[in-house]
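Top line first, the protein sequences correspond to chains A and B. 8 is the number of the first residue of the first sequence in our numbering; add one for each residue after it. 22 is the number of the first residue of the second sequence in our numbering; add one for each residue after it.
You may find that some hints are simply not true.
Facing chain A, according to a computed beta carbon distance under 10 Å, are these residues of chain B, among others [stated by the list, open to error]: (1) 231; (2) 338; (3) 342; (4) 361; (5) 376; (6) 391; (7) 393; (8) 394; (9) 396; (10) 406; (11) 410; (12) 411; (13) 412; (14) 446.
Result set (DSSO-like, lysine-lysine): computed pairs, CA atoms no more than 27 Å apart in a straight line [unchecked claim]: (15) 215(B) x 201(A); (16) 396(B) x 201(A); (17) 201(A) x 376(B); (18) 201(A) x 397(B); (19) 396(B) x 327(A).
To be clear, the hints were calculated from the coordinates, so they are not data collected in a lab. The beta-carbon is built from N, C-alpha and C at its ideal position, and this holds for glycine as well.
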Amino acid sequence: MIDGQVRLKQELIRFQSIIALLLMVVAMSFLSDNFLTTANGWNILRQISVNLCLSIGMTLVILTGGIDLSVGAVLAISGAFAAGLLKNGIAFSEADLLIQFSVSGAILAGLLMGLFLGWFNGLMITRFRIPPFVATLGMFSIARGLTMLWTKGFPITGLGETFAIIGTGNYLGIPMPVWISAALVTVFVVVTRKTRFGRYVYALGGSERASLLSGLNVDRIKVAVYTICGGLSAVGGLIVTSRLDSAQPNAGLGYELDSIAAVVIGGTSLSGGRGSILGTLLGCLIIGVLNNGLILLDVSPFWQQVVKGLVILTAVAIDKMSKKLQ
Amino acid sequence: MSTVDTPRTILEAQAVSKSFPGVQALDNVDFRIYEGQLNALVGENGAGKSTLMNILSGVFPPDSGRILLRGNEVVFNRPKEAQEAGISVIFQELNLLPNLSVAENIFLGREPLTRLGLIDYAQMEERSRSLLERLKCPVNPRSLVSNLRIGQQQIVEIAKALSFDSKVIIMDEPTSAISESETSVLFDLIDSLKREGVAIVYITHKLEELERIGDWLTVLRDGCRVGSGRQTNYDRDSIVKMMIGRKMNQDLSAESKHRIITGEGLFKAENISVEQVNRPGHYLVENVSLSVDRGEVLGIFGLVGAGRTALLETLFGLRNESSRGDTFLEGRRVNINSPGEAIRAGIAFAPEDRKEEGLILKMTVAENTSLASLKKSERFFLLDSSLERDQVQGFIDRLRIRTPSLSTPVLNLSGGNQQKVILAKWLATSPKLLMLDEPTRGIDVGAKQEIYSLIEELTRAGLAVLLASSELPEIMRLSDRIIVMAEGRKTAEFSREDADTESIMKAALHFQAAV
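The shape of chain B in the complex, shown without the other chains:
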């Protein structure tokens, strides 16, 4: 029945759509998963890969469209139903309990029992051992998961998937956290699973991997399927073109910026390296150098895991124990060992996670705004609330923050206004350099534009900005220069004039050829 040319479809999404407040995450997407094949899914951040994966694995249902399993329509209300139907997901953040053994993890929630109703460890360990043998992984089923390397933990996840007799295994960026040699072990494993007829859905940013193991390719962009077919029909260039589209190239020279450039860099960082805390010899950031001038926006582009956040955190005085490199501010060497020192030196940092890292949600708008510069509201060692309100009100007006009052809990503000409160907090410290990590993540389009014009306004006033983002349009819109990071290294640097989306994306995907 099945021939070499047309393998059988095991699972299929037909015309699936899904929207979240403010975003059309998936728009009428078809996705076919072939038996015994590697079905790759690629796209930029926010293209809809995770949404599609969640729908296929029963995390939430689609708004419209159908899911067919071996040609029959199925509806999964819960992940467990998908799992029992033979569809397993291996998340990037592995879902194992570190304090339990390998066997306990594999059979979690459905432990085999003895006649007395106790857990039948002998059977559980025997079955785990044979699963692991099938995967050629010599791990003792009794060892604790916390003692395994990430690559081995991944194999335990695969063993767990196989214990459900899974016919489809969805892998989300499986090689992002494992070493080169573990990657080849994983690829061998994928090959043998394919021979057993298991369908693999493989989500990745690393296009070169697909040349090694890919069979079928589907490209998503902005929630739409923009390409699909045999891997061999596409080369890297054409995949990149599909991922980014032609939409943004016109943004490039949209407006010329008026900057005050002094010619000499305000801030310079040389050979910054950050070691991974639990893996000595492995780097989150490796030998990255950069400089930024007054009134200039330096964009730092990179996909998830490229090391952008670790770089900014290091420059802000976090991660002292694991980092090295030199930093210079206004030509003088500065040694920054804590956020407090960074702030005193004139550096500000708005982190990616607004709710956990940027704001104190239990506190009011005023308290959040004044937190990093509270000394300015002090008179004779006591806080002067009218002084504080005046200071805060000035920034609220300047940044056009919409809040019912200064004493409103910051929790009640919209995402865009919360982000502006964070900016206000930093402007109150009179910084020279402002570092922004994903400043518009999760913010609606209107507020995004406002944040963009604020950043432009601030740079016109002489502020230097480091803008780290995984959104290419954002980087293109705001940056005067762009550096690109991939796997902790700086892979390219562009001036505004030479930057084009295609070469930036290639550098982010870490091709040696094009740049």
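So that you can see chain A by itself, here it is in the shape it has in the complex:
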């Protein structure tokens, strides 16, 4: 009898995120007529797509036992970099030379910017042994500053229709950002579960010393993880910029906290070695449904923040309890 109860509890805890999500969906459908509609469903998925990009990278980083505070700032500079190149190109006044960028060239440049800044994070963490918290805090400031310098503090707008497809286009009736984030989820589910690299990420988070002694190139894995995280932040930056048809100097402010929240709610352990991309997907959905629902219910945005905080605390508290039960 008691055994059965314990097992029930364990099952409940195992599917805590799914259960929480379902409860929220059921509650919202009763509270608002506009919630359970197809249009609103796509809406939510589109709204979470940027956070999902960041959170996939963040999941990898946190799985290794690290953290990346620079994702929001890297998102901003990558988006602004692409937008600036697309709009103005690069001018070398002495040589009387202007290099124009095509849409794909600008997108590539934005992605490279994100990858480079992520790689730089990895280099600081591995070569100079700077703790990830500090290294990425430094990058946060650097990337924010660079964004201001690059945009001179003004939005870069008027990026053209082709570029707008990334954020506003549809394919088979599904918004492009949803396609992009769904593709990334699929790729990284496979990477984490089915590749050596994915296995090594978990191993590294489980025990860095044991990983090293098992012959893993610990530094190279870390650099790869932060580089990927930077690249995915750039993808988020391109989506945001394209959707607004404008690179805002303050884009992505506070996004690092949303993505850490999604990862944690999704059951990934901040000490590393335990968690999953699908968990993070659930975490993003929970935050998305919460934001969407509270807006539909006309709840003040200030209360939304309070509620989000409570959800994070509850999720982590349940996670700790579940560890005790196991």
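Could you slot chain B onto chain A? The hints should help.
Using the frame of chain A, we list chain B on its own:
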């Protein structure tokens, strides 16, 4: 009242016993501590010295037996109670907070306060200064502990002990990490403490030190007291004999081994030296050379701190910055700069600390087993889980690992089975040389025997094994040849035929005479 012949007993353990799951750590042990004397406690690793020290200092109570302080029975429930009764311990790993000052460390947790309830630094520093003066240690009470040398930190620990008005100071291997000159300073200090009537309990492996400073000697072996009396009644030979007993000599020629010997060494290391990271010019390992053949077990014996682990880690490609020397595999010079390179060259290393270094406890049995050879489970860049399970299952069967399933967290396995998972992980890399560091530490007797027969089986199949251990019976049981290390140097080498426990132990204690 007290005469020269019979000093007064200050602290005494009577018929103390203590057992832990699977081990009788102390069995009916009597230990007397005399006032103003140096009371030495010696024994092999695992003889029960630490357990006795922990009982006397209140870390845990004995299962049976009594502790008498000046003839009255006392019960210590916590270290603090023992400390307040005047018994202090100076652990080998010093217990100071490096980021605080000397004075703050001495008075940690009982800082003198001013009338306003703030810390009275003036008084604290004044009292620290007078304690340090008494110990003839010219250290500023305000300096940070992290800026002091180890020897000075030790004196700060002694000052802290004195600030409790300690009558008994227990020192665990106090000279293991300090230089020769710091050692003489410490010995002078011990002499003056003795004159003040402080009783010193001195735990050591270095028998020659006891000839300089010892008064009374107690020898433990396997949790029993095997000898006790005035230091002058014993010479080194008789102490060594007591420490090892006669128990293992019959193990020697117990079974002849069938080996495939090619005659030419599989692996050779020449003049390996490892410098201490924070103390240039001091060596963890100094000019050690060794060779091992296919199908051969080379035992590396040494007591704690002899440099066994540092040697193996260096051969495995760790400690590159601080080490030098040449290594040869199958006659060719190899340069190994990382564990990855070592593994590719055919070298495997099962470290001493299973839980922190050998395994990833959050992962399953299968994931741990395949970790070092994951490429073999890969097909078109993706892991093939059925391929992985087949590979892993093969090793699970071969090593007879008892686990409910392949996806059981490795955390849930017993120590012996965890060790076998580590062996499985390494066998999966098809190594030529397997290095084992304390392979049976903390493993119960039955599992130990299984690990031993596995090692024998593997060597019969042609694997070369380097076995580092501080357990002499283990070394004697498995090794074809034995090298002995002490203080980072190789002090002796024996073939299986000439090895006897007494000369090995003497070499490990680093006597010049006998070997």
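Agreement of hint residue 338(B) with chain A interface, Cβ distance less than 10 Å: 9 Å, holds
Given pair status - residue 397(B), residue 201(A), alpha carbons within 27 Å: Between residue 201(A) and residue 397(B) the Cα gap is close to 13 Å, so the pair holds against 27 Å.
Interface hint outcome for residue 406(B) [beta carbon to chain A under 10 Å]: Status holds, d = 8 Å.
Given pair status - residue 327(A), residue 396(B), alpha carbons within 27 Å: 35 Å, violated
Given hint residue 342(B) near chain A, where the shortest CB pair must fall under 10 Å: Violated: closest Cβ of chain A sits about 13 Å from residue 342(B), beyond 10 Å.
Straight-line alpha-carbon gap residue 201(A) to residue 376(B), limit 27 Å: 26 Å, holds
Satisfaction of the residue 376(B) interface hint, Cβ to chain A closer than 10 Å: The hint holds - residue 376(B) has a Cβ within 10 Å of chain A, the shortest such distance being about 9 Å.
Straight-line alpha-carbon gap residue 396(B) to residue 201(A), limit 27 Å: Measuring from Cα to Cα gives roughly 12 Å; hence the hint holds.
Status of the hint placing residue 393(B) at chain A (closest C-beta pair under 10 Å): With Cβ-Cβ at 4 Å, under 10 Å, it holds.
Minimum beta-carbon distance criterion (10 Å), residue 412(B) to chain A: Violated, because the Cβ-Cβ distance from residue 412(B) to chain A comes to roughly 14 Å (cut-off 10 Å).
Chain A contact restraint on residue 391(B) - CB to CB distance below 10 Å: 8 Å, holds
Hinted contact residue 394(B) with chain A - closest CB pair below 10 Å: 9 Å, holds
Violated hints, in rising order: 1, 3, 11, 12, 13, 15 and 19; the structure is consistent with all others.
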